[in-house]
Amino acid sequence: MIMFEILSYGFMQRAFEAGLVLSIAAPTIGIFFVVRRYSAMADTLAHVSLAGVAAGLFFGISSVWAAMIACIVAILGIERIREQRTLASDTVVSLFLSGGLALGVVLLGLRTSSGLNVTSFLFGSVLTVTGQEVLQIAGLGAAVVALTLLLWEPFFAVSLDEEVAEAAGLPVRNLNRLLAVLGAATIAISIHVVGVLLIGALMVVPVLAAMQFRVGFRATWAIAVAVSAVSTVAGLTLSYYLNLASGATVVLCAVALFLLSMTAAKLTSAGASRTATK
Amino acid sequence: MPLKNIAIEATGLTFVRNGEALFENFSFAIKRGAYVAVIGPNGGGKSTLLRVMLGLLEPTAGSVSIFGKPCDSAEARRRVGYVAQRGGMIDPSFPATAGEVVRAGRTQVHGLRHGYGADDAKAVETAFKQTRIGHLRDRVISSLSGGERQRVLLARALAAEPDILMLDEPIEGLDPGSREEFYATLRDLNKTGKTILFISHDVHRIAKEATSALCLRHELVCHGTKACVVTGRGMRALHHDHGDLSSHHGLESDGPLGDGS
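Protein chains in written order, with my numbering: chain C, 1 to 278; chain V, 1 to 261.
Bound-form chain V, shown alone (with noise of 0.2 Å):
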């Protein structure tokens, strides 16, 4: 595979917190375009390897390379678009509005320059669109119900016009409505070109959304189609007391997407 239809490579990754490995010597390769889902139980290093992508933790060994360059460099840091999870978001009674919310997300782009001009005003009202959010613009977020609030903080990160966007479990907590919108919101998105990488619980109807999965239980116990994923041993390393789910979804196990190929 070019180099230029990689979008994220991870190569050696090892990472020790406390003595215990989180994850251990692993390697994969996620194209330009992919929609990822990355599973795996509670612990399991999921947050952990998104932070380590993000460029926010240090790997204990190996690294990770986002369209070719360093994860923690400004170039490589430009192209992500973060948003973090349910649990860790804004405090609801932060006196802002929707508006303010994601022209924040500007900030990825001028860094600590100043300056707000039409092309600032394009790309939020572009993100605006996109999550199709341009009526609460003006609402305070304390007023927005836990849905929308997650709508403004995924506009916030296409404000920067990321190439790649990385979401930590954005719709835990989130009412059936809200999250099929938050789903559609993401398919249009993948539509466009934009790089998915969502961490979720919900394995079953992430599964129907993404193209392909990874799934962590403290190493890297499958990396491919969901097919290999979620009929297969990323099932079975989920829910180890359970058997082999396979028959369970009838869908054929498949071998390793990327993986520097």
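Chain C on its own, in the form it takes in the complex (with noise of 0.2 Å):
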């Protein structure tokens, strides 16, 4: 009955339709991240998108689109210094990320003037997405989960192992761009929903959550699409009853979800020992 309430209402329609979208990509492209330690890479893309989104409005691109612009140009620019050598990579990721915020939150403050809401872009507001966006959300997302599955088998083997991927004949160097340019699309959808401070934690946490079911990779997967999908679910309908900020409570349920997964194996595995020992 809750949720015929809510559905009733246009903007809570949009509001899941976009959620769900993400909820399926985020973690789709998430786990790749998660399983070769690119979180950091995932947050910094992220602050990146800030800039990206700031100088679309400038010239008049849509959100969406300058966000991935701003990734892409940032991939290439932490990887032309990494081949260079002369800083660390983790050093290269934060100069980024730091460097990003910080042009992204200045342009941002010379259109404060002409009444932009520079939160929206920080923490999303799922709530004010137009069918529009939805429809770009829906189409890019698509896009991102379609390619990742298509290349799946590729992707997992240069996860598992870059090296022997390489000596496979695989392409691995182009494999690892294209993952990164799959995550800034996903990151730019994101930023409605929950803003650009807030999209790392839904491409990383839900797989965490999986990832303590100690499974396999497409189980793992398909566990955190679900745990990703009831994270948006519960989150939306709280934020709406509660009065709560719409993105920041999907990512506290996934964090929710995430605690109880880890409680839960551990049960289960301190269970699983007791029987083992009688």
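If you're looking for bench data, these hints aren't it; they were derived computationally from the structure. For clarity, every value in this text was computed on a predicted model and none was experimentally measured. A virtual CB, placed ideally from N, CA and C, is assigned to each residue, including glycine. Please note that a few of the clues may not be correct.
Which stretches of chain C does chain V cover? Using the computed rule of at least three CB atoms under 8 Å from a CB of chain V, they are [as the list claims (entries may be wrong)]:
no., segment
1, 155-163
2, 168-176
3, 210-218
Beyond 10 Å from chain C on every Cβ pair, some chain V residues (computed) [claimed, not checked]:
no., residue
4, V16
5, A21
6, S27
7, P41
8, G117
9, Y183
10, K208
Anything over 10 Å on all C-beta distances counts as not near chain V; from chain C, calculated [to be verified]:
no., residue
11, F59
12, E79
13, L150
14, S261
Dock the two chains into a complex; use the hints.
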């Protein structure tokens, strides 16, 4: 009954549509970021996307495309500096994270006089998503999921062991770039839903929750998508009834499910040990 | 020797890193079906040589061919299975079952193409049988012992149905039982015609398994039957402080094998 009431509002319908697309796309690409220990990269791209959004406002480009372009420029920049080997990898990533956020805030600050709400980009504003934006999110989200599933085996092989994958003839460097671009696209579509400061969490936390069950890669992905979808639906519903910030509530629900998974995994493991010693 | 009997041929191979030659201008040939032990002291260039043969590193000079094709060509890569050094292996917390890891070996055949058919399933099944780990297929790799994990990685390499197997110290750190199982599996694979290149520090043990040996110490110290390497210049290169160990082993020195012959 509660769900029917919420769904009678157009803005909530659009929020659920956008949120559910993201809840599938984020862990689909997020699982590869987590196993490759790219979580910091996800956060960096998210922060850089803010600079893209701000630049997009100046040039009249859609925030989704502008964020994606900024992320791709950042990916290429990070890779270029890493190749020169003058700075450590994590230092390069931190540089882009801080620089991207600072540039974004400054550029957005220049536009605040026109009534722009900066926090909507930082923390999302899924309740104000338009029908056209939902279509954009759905199109890009579907492309991210379809491409990732199509290249699932090569991505998996490269994540497992880069050197062996390269020896096997896989184009490791290009696959890594494509993975980063797909991550950028996921971040771009998430700006309206959870905002740039929280998307990293939505890509990573459901995967961490799923990993607690210690099952195979595909099963981990399926559980992560389920955790993400449940967090989205629960988060949006709670935020509507309790008048909470929607993006942050979605992420908090994911964190709660992670804690629940961790506890359940520990209890199961302790139970199994007791059975084994009897 | 007819060219078709040569699995690997290195010509004038030199590799220089930071101005220092890891090895310089050496040539050798390895017959199809050979079981070659690659031995030498730490830093002698063994792993670098393997990476050059796998097409992962470009030599400063010279070339390597696999069944007559450049080692970095798609045709050559398709015929080589690689089991990496134990230290550089998969993160044990990686959420994957043994079955998923072995199946990943088929990407060597498919590349970026999508699809997994009956041929793939058959190749994976054969790899499980050859390594005797069919019972582990649904187990996550974090729950496997070191020896079981190494056999999963061997099965992954075999899933691509390679003609040559290159192994970089795959048994380091394993218990004696797991080592023997690993050696037994390789022995069986060699009997089926697979060419094997095995980097090992356990010279005495690998000498019992291999049919020939390559000894590296910044140069190709010797290359030939294992007797040549284990009893002669090879052992002197490995234990240059301990004199000639030939008498200790009581084996005759032999001439080089291959070398484009």
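Going through the hints against the structure:
no. : hint    : result
1   : 155-163 : holds (count 6)
2   : 168-176 : holds (count 4)
3   : 210-218 : holds (count 7)
4   : V16     : holds (18 Å)
5   : A21     : holds (22 Å)
6   : S27     : holds (23 Å)
7   : P41     : holds (23 Å)
8   : G117    : holds (13 Å)
9   : Y183    : holds (21 Å)
10  : K208    : holds (28 Å)
11  : F59     : holds (35 Å)
12  : E79     : holds (19 Å)
13  : L150    : violated (5 Å)
14  : S261    : holds (13 Å)
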